[in-house]
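Fit chain B to the supplied structure of chain A, relying on the hints for placement.
Protein chains: 2
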Amino acid sequence: MAGPATVTMSATLAADEALARRRRAGEQVITMTSGEIGLPVHPVLRRVLAESAGQNAYGPVAGGSALREAAAGYWRRRGLDTDPGLVVAGPGSKPLLFALLLAIGGDTVVPVPGWVSYAAQARLAGGQPIGVPIRPGEGGVPDPVALREVVTRARAAGRDPRCVVVTVPDNPTGTVAHDGTLRELGEAARELGLVIVSDEIYGDLVFDAAAPAVSPARFAPERTVTTTGLTKNLALGGWRTGVARLPANDLGRDLRTALVGVASQIWSSPAAPVQSAAAYAFSEPSELTAHLGASRRLHEAVIRAVAGRLVAAGALLAPVRATCYLYPDLEPLRARIARRHDVHTGDGLTRLLLDRYGIGVLPASAFGERAEPLRLRLATSRLYGDTDEQRWAALAADDPPSLPWIRSVVDRIEEVVADLAGPADPYPR
Amino acid sequence: MAGPATVTMSATLAADEALARRRRAGEQVITMTSGEIGLPVHPVLRRVLAESAGQNAYGPVAGGSALREAAAGYWRRRGLDTDPGLVVAGPGSKPLLFALLLAIGGDTVVPVPGWVSYAAQARLAGGQPIGVPIRPGEGGVPDPVALREVVTRARAAGRDPRCVVVTVPDNPTGTVAHDGTLRELGEAARELGLVIVSDEIYGDLVFDAAAPAVSPARFAPERTVTTTGLTKNLALGGWRTGVARLPANDLGRDLRTALVGVASQIWSSPAAPVQSAAAYAFSEPSELTAHLGASRRLHEAVIRAVAGRLVAAGALLAPVRATCYLYPDLEPLRARIARRHDVHTGDGLTRLLLDRYGIGVLPASAFGERAEPLRLRLATSRLYGDTDEQRWAALAADDPPSLPWIRSVVDRIEEVVADLAGPADPYPR
Chain A
1 MAGPATVTMS ATLAADEALA RRRRAGEQVI TMTSGEIGLP VHPVLRRVLA ESAGQNAYGP
61 VAGGSALREA AAGYWRRRGL DTDPGLVVAG PGSKPLLFAL LLAIGGDTVV PVPGWVSYAA
121 QARLAGGQPI GVPIRPGEGG VPDPVALREV VTRARAAGRD PRCVVVTVPD NPTGTVAHDG
181 TLRELGEAAR ELGLVIVSDE IYGDLVFDAA APAVSPARFA PERTVTTTGL TKNLALGGWR
241 TGVARLPAND LGRDLRTALV GVASQIWSSP AAPVQSAAAY AFSEPSELTA HLGASRRLHE
301 AVIRAVAGRL VAAGALLAPV RATCYLYPDL EPLRARIARR HDVHTGDGLT RLLLDRYGIG
361 VLPASAFGER AEPLRLRLAT SRLYGDTDEQ RWAALAADDP PSLPWIRSVV DRIEEVVADL
421 AGPADPYPR
Chain B
1 MAGPATVTMS ATLAADEALA RRRRAGEQVI TMTSGEIGLP VHPVLRRVLA ESAGQNAYGP
61 VAGGSALREA AAGYWRRRGL DTDPGLVVAG PGSKPLLFAL LLAIGGDTVV PVPGWVSYAA
121 QARLAGGQPI GVPIRPGEGG VPDPVALREV VTRARAAGRD PRCVVVTVPD NPTGTVAHDG
181 TLRELGEAAR ELGLVIVSDE IYGDLVFDAA APAVSPARFA PERTVTTTGL TKNLALGGWR
241 TGVARLPAND LGRDLRTALV GVASQIWSSP AAPVQSAAAY AFSEPSELTA HLGASRRLHE
301 AVIRAVAGRL VAAGALLAPV RATCYLYPDL EPLRARIARR HDVHTGDGLT RLLLDRYGIG
361 VLPASAFGER AEPLRLRLAT SRLYGDTDEQ RWAALAADDP PSLPWIRSVV DRIEEVVADL
421 AGPADPYPR
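So the sequence lines, in the order shown, correspond to chains A and B.
Quick note: the first sequence uses UniProt numbering, first residue 1, plus one each step.
Quick note: the second sequence uses UniProt numbering, first residue 1, plus one each step.
Bound conformation, chain A alone (with noise of 0.2 Å):
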C-alpha cells in the first residue's frame, strides 16, 4: 500500500503562509489567497470562551448536547427539522467532511472547480476524486446532467462512487446554485444511490435575504449530510468548531455510527470550551444576528467594489450573490497580458500577481481545473483593515469602499488589473 506522497499541502494554506512570511520581511502585500475571515471576535463570544476555560473533560465524541440541540434549532430555523441525536459536532468543518469521507467509503464526485481540499481529501480517505463541472454561474454543485454520465462512465470502468460533494453557496465562485439545478441534483442522485455531502459553511453570507440559498436537504433529504460551523460567519476560523446534520433515516443512523467511530479515533471530541461558545452562537441571539448582518453586508459591498473594478478592466465574471469570492476569467486580455508579459496560463499569472505586484491570489488549477485558463479566484475577506479599530470601522460604516484603508486597496487592484494588461490596442483587428 503507497503512502500519501501525493499529498500536498492545501493550496490556500500554504498561499497564506507565504504572504504572511513576505509581510513578516517587511513587504508591501495584499492577501486574497484563503477565505479567513478578517474580522475581530465578537465581544460576548469572547466573554463565553473565557467563562468556558475551566471546562476540560472530553465530554460525548459528537460534542455535548448543549452544542448539538443549538445547532439542531439553527437548521430547523431554516427549514431543516433536526434531531439533534443525528447532528455531530466536531473540530471544524473540514475534519468532519473528511471523516464522512472516510464514513462513506468509494470514490467522491466533486464539483470542477470545487474547494481546494474535497479531492484531497478523497485521495486521504482511499478513494479517488471524481471531477464534474459546475453549470455556468452556478458553482458548487456539479452539473446533474453531466453527474449521470461520469457516474456511470466510472461505474463502468470500475470505479465505486458513493457519494457527491456539493458547496451551497459555493467557494470558489461566489454564486449559488438554482433551485431546480438543486432539484435535478438530488434526482441524479437518487437514481445513482450516491450519497449528497452538502457544505453549507457559507449559508448565511447570501446577499438577498429575499432568496436565501436552499440546502439540497430540502430536495433530497433521505440521503443529504449537511456541514457548517462558525468559521465563516462568525470569523472564528482559528476556533475550530463545525457540526454536521445527518438525514433521519437508516442511513442517516449508520452514517451516524461510523462518524462518531471515525471521530473517536482520530479526534476523541470537539475541544470542550469552544463547544460552549459555538453552542451559545449557533442559538443566535439578537447581538450575534446583527453581527452577521453587519459582517455580510460589509462583504458585500467590498467585494462588489472589486468586481466593478475587475469588470471594468474586461474580467469575465458570474454574477456574485455571495460569499467572499470571485472567480474571474481574464481571457479578453489573454493576446495583451501575454504580449506584455509572456504569460499564458492562470498558473502563471497568479505568479506575476505575487511576484511583480505583491498581490496574493490562487490559480483555477487550485481548484481543480486545468492551468490554462486565466481565471483565479479572489478573496476579498481580508481587505477589511490590519487592525481591530480598522475592522470594527468597516463594520460599522455605511459605505466601507471609501474607507481610505479599503479604497487604497481596490484602486491598487484596479491599478494592478490596468498594468497586467497594458494599454488598449489602439487599433483592434
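In case anyone wonders, no lab produced these hints; they're calculated from the structure.
From a predicted model like this one, the values you see are computed outputs, not experimental measurements.
Be a bit skeptical, because a hint or two may be false.
Okay, the calculated bits of chain B under chain A, using three or more residues with CB under 8 Å as the criterion [claimed, not checked]:
(1) 88-97
(2) 117-126
(3) 234-243
A virtual CB, placed ideally from N, CA and C, is assigned to each residue, including glycine.
Then chain B, alone, in the frame of chain A:
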C-alpha cells in the same frame, strides 16, 4: 475500495459515554474506563485561555512559533535538542499520530497490549496493524527480538510494515520499558528500516523522579518521531492540544512536509486560543511544575492504594512505575470466578463488573489481546472526587487515600474483588 465498515468507536470513549449515561440515570457507578484525568484546570491556564479569546486567525498549519518554540524548549530540558521548525502542533496528539501513520504509509507495528486507537488508526490510514507482544513488565514496546521475526515474516508475506509505534511510559500497563530494551528496539528498527513513532503523552507521569522515562529518540534519533501533549500532565484532554517532534535529518524534513500536508487537508491548524495556553504550559513556569508535581503524587498514592487491594485479593500485577493505569491479571482467581459467576473471559468479567457492581473497566481485548485472559485495565484517574473542591483537596492532601471520598471507592473495589471470587476454597488442591 471498501468503506471503513469495521471502524468501531474507541473502546475507552464508548465505555465512558455508557457510564455517563448510567450516572445521569442516577446509578452509582465507578468510572475506571478511560484515562481522562479528573482534575481541575490550573487557574493560570484558565486565565491565559481567557486572555487569548480574541484570537481567531488560523495561523500556520503546524502551529504558531510561540507554541513550537515552547515545545522545543520542553524537549530540550529533557535532553532532546529540538528545532522548532521540526515541531508540528495539532488538535491533540491523537490526530497527530493518525496523520503520521497516513504520512508514513504502509502497515504499522503495534505493541500487544497497546492503546486502543493505534490499530484502528492504522486501518483508517489504509494499512494494517501488525501486533508484536511486549516483554513482561515492559509495556508499550514490542519485544525487539519478536519484532525482527514478525516484520521479516510479514514482508515475506507481502505486507509493508514501515513504522513501529511505542508508548513510553505505557498505557495500558502503567509500566516503563527498560533503557536496554529501548536501545535494542532502536537497533532492530534501524536494521529493519522502520520509523519509530513514540507516544510519550505520559512522559511526565513517572513516579520516581530519579528514574525518568527515556525516549527511544535517545537511541535512534535519526528515525524516531516523538509525540506528547497536555492531556495527561495538566488534565487538559478536553482542550485538544498536542505536539510532534521530527528527526533533524532528511527523513524528518520529508515527514514534516507530509505531516503538514495531511494536517492542512484535515484540520487546518490547532485552535488559536488553546495554542496560546499550550505555549504557556510548555514553557513550564514554576506554578505549573508544582501543580504537575502534586498531580503526580496524587496519581501515585491512589494507584498504589488500588494496586495493593488487587494484589492482596490475589491478582497478578507488574510493578506500576507511572501513569494512572493498572493492568491486573485475575488468572489466579479463574476457578473461583467461574464457579461463582459462570464467567470465563476478560470480556465476560468486564460485563459482570459493570452490570452487577457498577464498575466500568476495559478488558484486555480492547488492547489487542485475546478475549480469554482475565486481564483488565483500570484507570484510577477519575477517583479524585466529583467536585472541583474535592479534587483540589485531593491534590493538597498528604495521604489522599485517607480522604473519605477516595477511601470509600478503594474499599468498594476491594469488596467487589472479594465478592467476585467468593470465599477462598478452604481445601485447595
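Each hint tested on the structure:
Residues of the segment 88-97 of chain B lying with their CB closer than 8 Å to a CB of chain A number 4, which satisfies the three-residue condition for coverage. For the segment 117-126 of chain B, the stated coverage by chain A holds: 5 residues have a C-beta nearer than 8 Å to a C-beta of that chain, and at least 3 were required. Counting residues of the segment 234-243 of chain B whose CB falls under 8 Å from any CB of chain A gives 6; the rule of at least 3 is met.
In summary, the structure agrees with every hint in the numbered list given earlier.
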